[in-house]
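Read off the chains here:
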Amino acid sequence: MKSLAKIISYLALAASLVPSLLYFTGTIDHDAVKVTALTGTIIWFISTPLWAGQCETADMSAN
Amino acid sequence: MTTDNQPTQVNEYEREPVPPKAHLGAGKFWGMYAGEHTAGTEFMIGPLFLAAGASIQDLIFGLLLGNLLAVLTWRYLVTPIAIGKRLTLYYQLERIAGGSFTKFYNVVNGVLFCFLAGAMITVSASAIGVPFDIHYTVPEATFGLGAPSFTALVVVVGVIIAVVAAAGYQAVARVANIAAPWMIAIFAACGVVSLVQMEATSFAALSEGKYWSDAIAFVQEKEGVQAFSFWQIVVFAWLCNGAMHFGMADLSIFRFARRASSGWAPSIGMFLGHYMAWICAALLLAAQIKLSQDHSANPGALAWGALGWTGIICVVIAGWTTANPTIYRAGLAFQGVMPTCSRKTMTLVAGAVATVAGAFPNLSAQLLGFVGTYGTILGPMGAVVFVDYYLMKKIGLRDDYAVRVGTSVNLAALVAWLLPVSIGLYLIFAKGIFAAYAVIPAWLACGVIYLALSKLTQKPVSA
Numbered sequence: 045m046k047s048l049a050k051i052i053s054y055l056a057l058a059a060s061l062v063p064s065l066l067y068f069t070g071t072i073d074h075d076a077v078k079v080t081a082l083t084g085t086i087i088w089f090i091s092t093p094l095w096a097g098q099c100e101t102a103d104m105s106a107n
Numbered sequence: 006m007t008t009d010n011q012p013t014q015v016n017e018y019e020r021e022p023v024p025p026k027a028h029l030g031a032g033k034f035w036g037m038y039a040g041e042h043t044a045g046t047e048f049m050i051g052p053l054f055l056a057a058g059a060s061i062q063d064l065i066f067g068l069l070l071g072n073l074l075a076v077l078t079w080r081y082l083v084t085p086i087a088i089g090k091r092l093t094l095y096y097q098l099e100r101i102a103g104g105s106f107t108k109f110y111n112v113v114n115g116v117l118f119c120f121l122a123g124a125m126i127t128v129s130a131s132a133i134g135v136p137f138d139i140h141y142t143v144p145e146a147t148f149g150l151g152a153p154s155f156t157a158l159v160v161v162v163g164v165i166i167a168v169v170a171a172a173g174y175q176a177v178a179r180v181a182n183i184a185a186p187w188m189i190a191i192f193a194a195c196g197v198v199s200l201v202q203m204e205a206t207s208f209a210a211l212s213e214g215k216y217w218s219d220a221i222a223f224v225q226e227k228e229g230v231q232a233f234s235f236w237q238i239v240v241f242a243w244l245c246n247g248a249m250h251f252g253m254a255d256l257s258i259f260r261f262a263r264r265a266s267s268g269w270a271p272s273i274g275m276f277l278g279h280y281m282a283w284i285c286a287a288l289l290l291a292a293q294i295k296l297s298q299d300h301s302a303n304p305g306a307l308a309w310g311a312l313g314w315t316g317i318i319c320v321v322i323a324g325w326t327t328a329n330p331t332i333y334r335a336g337l338a339f340q341g342v343m344p345t346c347s348r349k350t351m352t353l354v355a356g357a358v359a360t361v362a363g364a365f366p367n368l369s370a371q372l373l374g375f376v377g378t379y380g381t382i383l384g385p386m387g388a389v390v391f392v393d394y395y396l397m398k399k400i401g402l403r404d405d406y407a408v409r410v411g412t413s414v415n416l417a418a419l420v421a422w423l424l425p426v427s428i429g430l431y432l433i434f435a436k437g438i439f440a441a442y443a444v445i446p447a448w449l450a451c452g453v454i455y456l457a458l459s460k461l462t463q464k465p466v467s468a
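Protein chains in written order, with the working numbering: chain P, 45 to 107; chain Z, 6 to 468.
In short, the hints are calculated from the structure, not lab data.
Check the hints yourself; a few may be wrong.
In silico DSSO-like links for lysine-lysine, alpha-carbon gap of 27 angstroms or less [unchecked claim]:
{"id": "1", "chain 1": "Z", "residue 1": "Lys398", "chain 2": "Z", "residue 2": "Lys460"}
{"id": "2", "chain 1": "Z", "residue 1": "Lys398", "chain 2": "Z", "residue 2": "Lys90"}
{"id": "3", "chain 1": "Z", "residue 1": "Lys90", "chain 2": "Z", "residue 2": "Lys349"}
{"id": "4", "chain 1": "Z", "residue 1": "Lys398", "chain 2": "P", "residue 2": "Lys46"}
{"id": "5", "chain 1": "Z", "residue 1": "Lys227", "chain 2": "Z", "residue 2": "Lys295"}
{"id": "6", "chain 1": "Z", "residue 1": "Lys227", "chain 2": "P", "residue 2": "Lys50"}
Here are a few chain Z residues that sit away from chain P, every Cβ distance over 10 angstroms (derived from the structure) [claimed, not checked]:
{"id": "7", "residue": "Pro136"}
{"id": "8", "residue": "Ala193"}
{"id": "9", "residue": "Pro344"}
{"id": "10", "residue": "Asp405"}
Since the model is a prediction, treat every value here as computed from it, not as a measurement.
Ideal Cβ placement from N, Cα and C applies to all residues, glycine included.
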């Protein structure tokens, strides 16, 4: 389950960045960049908490 | 993390050296610095370079050199002392300069934190306001308010951030950790989209830099000719985190480092957050100028123009995850002076101060000057720690003098800090020097004065 979530997260991260590069090369238009990046963002924030480590155990910069 | 009236569940070793069992590998530090330095402030600082008239060549090479110097300062100034003593900055200051002195220093730090958090509240509000057609404008006066609707939005955002911080920032820290890689990707995407919007999609167009020089010309036509030189960029990039490296605040972080090589970890924060992200954020403003002849550096509107809702979400999260721990730490600093008040109460006080600061958009628009001033005020105390660690014993003086003689204020440290800082602030505010230029002279002066005054005033004490 965690491995699957991790793969989905990486794909979502790619979906946030790669469309801008495709826009740069003229492959897609600006609206497609916005829609894909938003989709990637939503998926990233759903899938990443499923596998990313729990909160740090100590605030290293504590006063 | 300590919560009110509860024992801390995790030993943070605030008053003892971090033991070997708690030492951390380099990966923790690389992750932490990547997240910590890709933050809401980057959306403000990047465009300010363009607005100040920096050329693209100076920006690319100046930031490269300045960030390299910052990394070297962390690695060779902070890390050796951090792993040599493995104590927090505040505990070291308490031992060197005294408990009352440290509380005073901490409150100054807390107040400055509030202004930084205030800028982040402004940034978040600017983004939230975009879909609601609430405009962010920067008035002429430093303490001028924006539109009433924007001020009201700042208050709402500030209250939410303060209440969440008062509840403890564990959840926000987790969101920040999760968001960090995504934010880096979004910053990069913003920069790439901006280049396309400016039709800079070929090597020739990129290297010619007309997209940038046209934007500079537009700003200067509106605001008058300004210059932000190569060396200003270098010194700013080097010293914008002066409080953390020259000021030794990050002793509190690197005391956990298993090996000194962890001291290279800030390089990821510098070259992603303070290099790539600043340049990308500056490109957002250049693109906005080309598309709409608008040179106002409104982070929300800039990100909206490049990535729509994703840009808005990024600005809000970047601002929120920066403001929240900042307010939390300011609350802790204030509580140190008034221990009878609860941490929650003092965090809400810090949040209120930050919200008031956030209501004045001009304060966030002066972030370039603010971070230099911040380093000038807090940075010099790092020289006291440096002198205490490396030089005191060598010239026959006592290190950790305050704890040895049982004083709550070491006058040598107090004078050594206040004198150069006062002169530095005078030069910044009365003479108008670039704030970051004052950091290193003040640091050196503080170290020399501390050494000289210690030689004159230290009394013999038992070992």
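Now the hints, each set against the structure:
| no. | hint | result |
| --- | --- | --- |
| 1 | Z:Lys398 with Z:Lys460 | 11 angstroms, holds |
| 2 | Z:Lys398 with Z:Lys90 | 15 angstroms, holds |
| 3 | Z:Lys90 with Z:Lys349 | 31 angstroms, violated |
| 4 | Z:Lys398 with P:Lys46 | 54 angstroms, violated |
| 5 | Z:Lys227 with Z:Lys295 | 14 angstroms, holds |
| 6 | Z:Lys227 with P:Lys50 | 49 angstroms, violated |
| 7 | Pro136 | 13 angstroms, holds |
| 8 | Ala193 | 6 angstroms, violated |
| 9 | Pro344 | 13 angstroms, holds |
| 10 | Asp405 | 19 angstroms, holds |
Hint compliance for this structure: hints 3, 4, 6 and 8 are broken, all remaining hints hold.
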